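Going line by line, the protein sequences match chains H and U.
Heads up, the first sequence is in my numbering, so the first residue is 177 and it goes up one at a time.
Heads up, the second sequence is in my numbering, so the first residue is 3 and it goes up one at a time.
Hints may contain errors.
[Stated by the list, open to error] Calculated lysine-lysine pairs in the PhoX-like style (CA-CA distance at most 25 angstroms, straight line):
1) H:Lys-389 - H:Lys-351
2) H:Lys-179 - U:Lys-34
3) H:Lys-537 - H:Lys-447
4) H:Lys-398 - H:Lys-271
5) U:Lys-7 - H:Lys-464
6) H:Lys-294 - H:Lys-371
7) H:Lys-271 - H:Lys-290
8) H:Lys-179 - H:Lys-273
9) U:Lys-34 - H:Lys-465
Hints listed in this document are in silico derivations from the structure and should not be mistaken for laboratory results.
Everything numeric in this text was worked out from a predicted model, so none of it was measured.
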Amino acid sequence: MDKNDFSAYVYADNAATTRLSDTALEAMLPYMTAYYGNPSSIYSFSHESRKALSAARSDVAAVLNADPSEIIFTSGGTESDNHAVVGAARANVAKGKHLITSTIEHHALLHTMKQLEKEGYSVTYVPVDGEGTVDVEALKAAVRPDTTVISIMMANNEVGTIQPIAEIGAFAKSKGILFHTDAVQAVGHIPVDVKELNVDMLSLSGHKFHGPKGVGALYLRKGVRILPLMQGGGQERGRRSGTENVAGAVGLAAALKEAASQMETEAARLKALVARLDEGILKIPYTKKTGHPTNRLPGLASYTVEFIEGESMILHLDIRGIAASTGSACSTGSLDPSHVLMAMGLTHEVAHGSLRLSLGKYSTDADVDKILAELPEVVALLRRMSPVWPGLE
Amino acid sequence: MYTEKVMDHFMNPRNVGTIEDANGVGQVGNLKCGDIMKIFLKIENDVIVDVKFQTFGCAAAVATSSMATELIKGKTVQEALQLTNRAVVEALDDLPPMKMHCSVLAEEAVKSALADYYQRQGLDPIPIVGCTGNCDACHSDHAHDHGRSDEEE
Ligand SMILES: Cc1ncc(COP(=O)(O)O)c(C=O)c1O
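Sequences and hints are given; from them, build the entire structure.
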């Protein structure tokens with residue numbers, strides 16, 4: 177096979193990023209060539225880009241049940257998370273310096289919290305149960321008079337578990353604590369209504385729902401004051417300086433509108449594909465599904481495969497034309513396996529053999545067929561050379 | 003990320019398996035760290051006439067085990083004792099810095115099997131083989147124990 181020919185490649189890593197949808201691409205193109213004016217300029221040539229940015233903002237707001245003035249475009253999920261947590265923490269130092277989050281957040285959130293700890297904030301990391309659901313009682317018990325921000329992700333990127341955000345939001349509201357949710361994996365895949373969820377801040381990222389990379393948004397509820405991260409020309413009403421990524425915002429909005437309009441049928445289709453994956457994969461001995469059995473993202477399937485190591489599994493799948501991911505140490509860039517799987521109580525050895533398959537808009541039944549044909553062979557091959565494989569009696 | 007040699011030895015590992023009548027067997031690493039290597043030696047008249055391995059671990063762990071077995075096959079025990087992790091890395095046209103510990107583990111697996119061989123001969127392996135690094139700590143500590151500086155963290 178030609179190394180650069182991916183026409184027959186099965187892409188099952190949509191939680192990492194997605195292919196841009198054709199609709200989003202079409203929507204973006206004019207704003208890179210025909211209407212490239214700076215939206216802040218006053219001449220007529222910039223009207224089109226200004227109008228497009230404003231329409232994109234309205235579209236995003238409509239999907240989230242927010243007001244356009246509550247949407248700030250950013251460079252992605254990471255920036256939105258940083259902005260929300262750092263900005264809210266810094267704006268509320270007069271009240272206190274205690275923050276609450278969970279042990280299974282994305283590093284965009286966890287590393288931000290670690291940085292704030294270095295700056296003198298204290299952070300409580302609320303545990304999760306074996307299915308990856310945040311312990312709401314522990315969260316409630318963690319609140320102190322000086323707690324200013326709670327941040328809990330809406331859906332986990334490794335195991336797909338959906339968190340009780342509306343319940344936590346109602347609680348935070350009753351305590352007068354700002355509540356942020358990292359909804360990067362949720363938006364475009366499951367219904368997200370900022371009012372129903374009782375959130376003050378919400379992060380989303382275009383490339384997780386077939387929009388472009390490097391563009392995201394932060395929902396900031398009217399009346400909530402947080403400090404900006406970026407200082408400069410005062411774009412986004414002073415909340416996020418820097419010349420706007422017009423084409424990016426347009427693409428994000430187009431992809432989001434499309435995803436929202438197809439959500440119900442698409443979720444049902446993905447669930448059926450995942451059910452087929454489950455059925456086939458769980459037939460392999462010593463495999464288990466991870467995350468919540470039902471309350472989970474429709475397209476994300478995560479497993480543990482005992483007695484083999486994740487990186488080897490991923491590379492063998494790659495050679496056979498399948499992209500998947502793992503939380504094994506070798507893939508995390510550290511010597512420890514995924515913090516999410518460890519927080520869920522998995523042992524190191526089991527966590528080293530984790531496998532995540534995440535399907536999307538372009539995934540097909542044939543993709544699932546291919547995965548189910550290749551994966552059992554890869555597992556068998558690696559187990560045959562594993563000194564810890566007990567064999568099957 | 004990996005060189006072609008590493009990928010070749012990962013995809014087509016040489017000498018995978020076990021030896022029924024091995025007279026030197028060594029296992030290093032642990033599951034917690036995510037790599038385990040087990041090496042089986044068949045030694046006759048001080049010559050390694052057969053060698054096999056089993057490995058649980060990443061591509062680098064498989065490739066370094068495979069290469070280490072290739073480097074000692076047919077060699078005398080004394081020659082095999084001279085195997086270094088550097089030699090394994092060079093034979094593979096390099097490893098990413100994060101994966102250097104795998105080559106250390108491969109060297110230790112060979113030494114551990116050789117130590118077992120000496121033990122079976124009624125000889126104390128420590129003065130001959132030295133520390134086989136079969137300690138409980140994870141990789142980074144192996145490098146420290148051995149005073150190696152080639153591991154970047
Ligand atoms: C839950 C979650 N939060 C944040 C991010 C970071 O988003 P981005 O890659 O857009 O910066 C990701 C994706 O990598 C994610 O899955």
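Structure-based check of each hint:
Restraint check: the Cα-Cα separation between H:Lys-389 and H:Lys-351 comes to about 36 angstroms, which exceeds 25 angstroms; the hinted pair is violated. Pair hint H:Lys-179 plus U:Lys-34 does not hold up; C-alpha atoms about 35 angstroms apart against a cutoff of 25 angstroms. Restraint check: the Cα-Cα separation between H:Lys-537 and H:Lys-447 comes to about 12 angstroms, which is no more than 25 angstroms; the hinted pair holds. Restraint check: the Cα-Cα separation between H:Lys-398 and H:Lys-271 comes to about 20 angstroms, which is no more than 25 angstroms; the hinted pair holds.
With a CA separation close to 34 angstroms, the supplied pair U:Lys-7 and H:Lys-464 exceeds the 25 angstroms bound. The straight-line distance between the Cα atoms of H:Lys-294 and H:Lys-371 is roughly 33 angstroms, outside the 25 angstroms bound, and the hint therefore fails. Only pairs whose Cα atoms come within 25 angstroms are accepted, and H:Lys-271 paired with H:Lys-290 is accepted, the gap being roughly 20 angstroms. With a C-alpha separation of about 52 angstroms, the suggested pair H:Lys-179 and H:Lys-273 falls outside the 25 angstroms cut-off, and the hint is violated.
Under the criterion of a C-alpha separation no larger than 25 angstroms, the hint pairing U:Lys-34 with H:Lys-465 is consistent with the structure, at around 21 angstroms.
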